[in-house]
Amino acid sequence: MSEPINSALVEFRDVSYTVPSLPSPIISNLNLKVLRGETLVLVGESGCGKTTTLRLINRLLLPTTGQVLVEDKPTSEWNPIRLRRQTGYVIQEAGLFPHYTVERNIGLVPALEGWEESRIKNRVLELLSLVGLEAERFAQRYPGELSGGQRQRVGVARALAADPPLLLLDEPFGALDPLTRASLQNEFAELSDSLGKTAVFVTHDLREALRLGSRIGLMRAGRLAVLETPERFLESDDKYARAYIETLQLQDDHGITK
Amino acid sequence: MNFWTFLQQNWSEMLTLIREHLSLVLISTLVAVVIGLPTGILLTRKQSLRNPVLGIANIMQTIPSLALFGFLIPLPFIGGIGARTAIVALVLYALLPIIRNTVTGILGVDRNVREAAVAMGMTNSQILWQVELPLAMSVILTGIRVAMVISVGVTTIAAAVGAGGLGVYIFRGLRQYDNNLLLAGALPAALMALAADFLVGLLEQRFAVGSKKRVSVWSKTVLALFALALVLGAYGTWRAWRSPSRAAATGERVIIASKDFTESVLLAEIAAQMLESRGVAVERQFELGGNLPHDALVAGRADLYPEYTGTAYTAILGHPPITDPRAVYDQVKQEYAQKFNLDVSPPLGFENTFAILVRGADARRLGLKTISDAAPHAPKWRAGFGQDFMSRADGYPGFSRTYGLKFEEQPREMDLSLTYIALASGKVDLIAGNSTEGRIAALDLVQLADDRHYFPPYEAVYILRKEALLRVPVLAEVLAKLANAISTEEMRQLNYEVDANKRNPVDVVREWIQKRGFK
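Residue numbers (numbering that gives the first Met the number 0), protein chains in the order written: chain A, 0 to 257; chain B, 0 to 518.
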């Protein structure tokens with residue numbers, strides 16, 4: 000990735016995605032650039048197309064029309080395996096393999112990539128400390144023996160394992176209690192600053208979006224309604240964005256201080 | 000003889016049967032896994048195939064095993080008599096639980112986990128081997144466990160197609176009412192089922208997901224045993240498939256079959272020994288169930304078996320019963336030649352017909368001589384009949400109509416060999432046995448005369464393939480020697496030696512041949 004800073008790592012060009020069984024498209028005419036190094040947060044209500052947008056990036060889905068470019072190459076021309084191995088993916092409930100230890104879960108992609116065992120081992124130790132889990136206590140545990148927050152940390156560590164330039168996160172902290180969520184959000188904010196990853200982060204929690212995003216994209220019925228930095232997003236005069244912001248203020252009379 | 004003495008005297012034969020049984024179970028389970036696992040995996044990929052294939056596997060399981068054997072005998076390559084056919088049938092029975100549990104296990108893998116696997120950039124085969132199969136393994140092993148336990152049970156029936164195994168003891172024990180034989184067959188089979196259940200159960204625990212997996216000595220042992228069983232199974236399969244095909248004997252070699260009752264075995268053994276003493280190699284496929292000997296001859300898998308003209312006339316040719324022995328014999332000989340290209344030997348000299356039997360005490364007390372004499376007492380009596388008698392054309396329905404018989408309750412259907420004991424011990428009051436049954440006198444039973452001539456004559460004959468006569472000319476000489484050679488009393492005596500005195504048919508026949516000077 001020797002491209003100049005601020006060039007797009009991911010670009011959606013007139014992308015639509017439809018399924019035969021549904022009358023209206025899930026994504027329609029989406030144009031969007033994800034810049035290198037930024038954390039783009041997609042918000043919106045359930046069914047607005049955020050998750051589909053994410054899945055179009057690592058070719059879990061292919062667009063019906065239009066193109067999704069990753070590093071200037073359409074996903075349809077990427078080898079899906081190669082594309083996915085250099086794209087970290089974190090989902091709600093983490094999707095850890097229940098029959099693998101924490102260590103094997105984190106070392107999964109490096110192992111698929113054929114790294115040497117000692118190198119994988121070092122990488123796993125490094126990542127465990129990065130996500131705040133003590134290696135001696137956790138490396139040999141199975142996911143079933145972890146709390147929800149611990150599982151999610153392992154999920155993040157697994158996504159980072161092969162040092163992918165791009166991270167996709169689909170409501171990774173959605174199922175956690177507020178305290179654990181807040182601490183994971185803080186840690187993620189620090190991580191993404193220090194690692195310089197490009198991330199696309201899906202959530203329906205605007206507070207989380209404001210805390211983590213360098214830009215916030217508000218989606219509605221398969222379209223991008225607003226795409227702004229957090230500060231300007233709060234001042235947006237888009238009707239739908241305002242409604243969204245007001246729910247926030249109802250919850251929190253003190254307003255939002257970033 | 001108590002069970003312990005029986006075991007001491009027969010342990011080596013018993014070990015052979017156990018080994019046969021075990022290898023049938025292992026081979027068939029192995030083949031079923033080799034077929035069922037990929038099929039199950041395929042069904043998780045091709046949803047449109049799922050219901051049809053599972054439906055077919057389901058239907059397989061509902062086919063009664065004897066009927067399935069009947070279908071298989073004429074088939075080339077997989078059919079015939081012996082272990083191969085049994086294995087094919089066992090595999091068909093074992094497929095359903097294996098396929099079904101493979102499908103259930105793989106489809107049961109958490110969606111999130113599968114999605115994560117795809118998104119991590121795993122290839123389809125990596126997902127299958129590293130994620131789906133390990134996570135489905137304990138469910139799949141449950142299927143294999145069920146299949147093995149079913150196999151242990153069904154394998155007892157494999158004795159009916161001459162595949163050996165513990166069923167040989169069970170069938171023989173039922174026939175001879177010998178508890179030692181029954182125990183010696185049923186007990187190891189039950190233990191085998193429990194052991195299979197337990198051992199595969201341990202494997203299942205080994206693959207249970209989400210707990211610490213300390214590889215204990217136990218599970219190591221079980222894994223090693225399992226691996227050993229797989230190797231033995233593979234070797235056995237290879238041996239079974241390489242063993243000479245049983246299709247059509249060649250040269251001076253004759254395959255002799257028999258039905259699964261003592262008299263049939265004795266008559267088959269007589270023919271076998273007579274041929275052997277004339278330098279002909281004989282392969283014995285005795286104790287086949289139902290009409291399988293007939294099927295085997297028609298399919299060219301056997302050359303000769305003992306039959307009764309009345310059975311051939313009514314049960315196989317499907318004619319209504321008639322009472323003239325000469326007419327029955329001629330008709331059977333002619334139609335067998337036309338329909339099946341089979342020949343019928345001259346009658347052996349005795350008839351085996353259904354004998355309506357009552358307890359001697361009852362006969363004397365009530366002065367019963369004929370079936371008509373007994374008819375007035377029937378409403379107070381219970382009757383017990385073999386399955387055969389209840390269903391065949393010359394059996395119960397016509398019999399009860401001819402004599403106007405009405406019993407206290409619907410006649411009990413039971414194994415023919417059990418009816419004698421049931422009668423003697425007062426569980427039933429009237430049975431339809433065989434007129435040559437050895438135990439009739441021993442149990443003080445009395446045969447009532449068929450005064451309305453309902454039962455067609457059942458002359459004993461040999462049925463044989465015409466082609467065998469051409470191939471082995473000495474057969475004709477043997478059959479001519481045996482024409483009219485055995486009287487009803489002699490046959491009863493031979494049966495009694497085996498059924499009541501528990502002697503080996505081979506020895507009983509050898510003595511008889513010597514006594515008669517047949518060599």
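Some hints could be false.
Listed below are several chain A residues computed to face chain B (Cβ distance under 10 Å; list not exhaustive) [stated by the list, open to error]:
(1) Leu59
(2) Ala93
(3) Val108
(4) Trp114
These are computed hints drawn from the structure, not numbers from a lab. Glycine residues also receive a C-beta, built at the ideal position from the N, C-alpha and C atoms.
- Task: Under 10 Å, Cβ to Cβ, is where leucine 59 of chain A needs to be relative to chain B, so tell me if that hint holds or is violated.
- Result: 6 Å, holds
- Restraint satisfaction for alanine 93 of chain A [CB to CB of chain B, less than 10 Å]: Check passed: Cβ of alanine 93 of chain A comes within 8 Å of chain B, closer than 10 Å.
- Satisfaction of the valine 108 of chain A interface hint, Cβ to chain B closer than 10 Å: 6 Å, holds
- Task: For the hint on tryptophan 114 of chain A, just tell me whether its beta-carbon gets within less than 10 Å of chain B.
- Result: Status violated, d = 14 Å.
Violation of the numbered hints given earlier is confined to hint 4; every other hint is satisfied by the structure.
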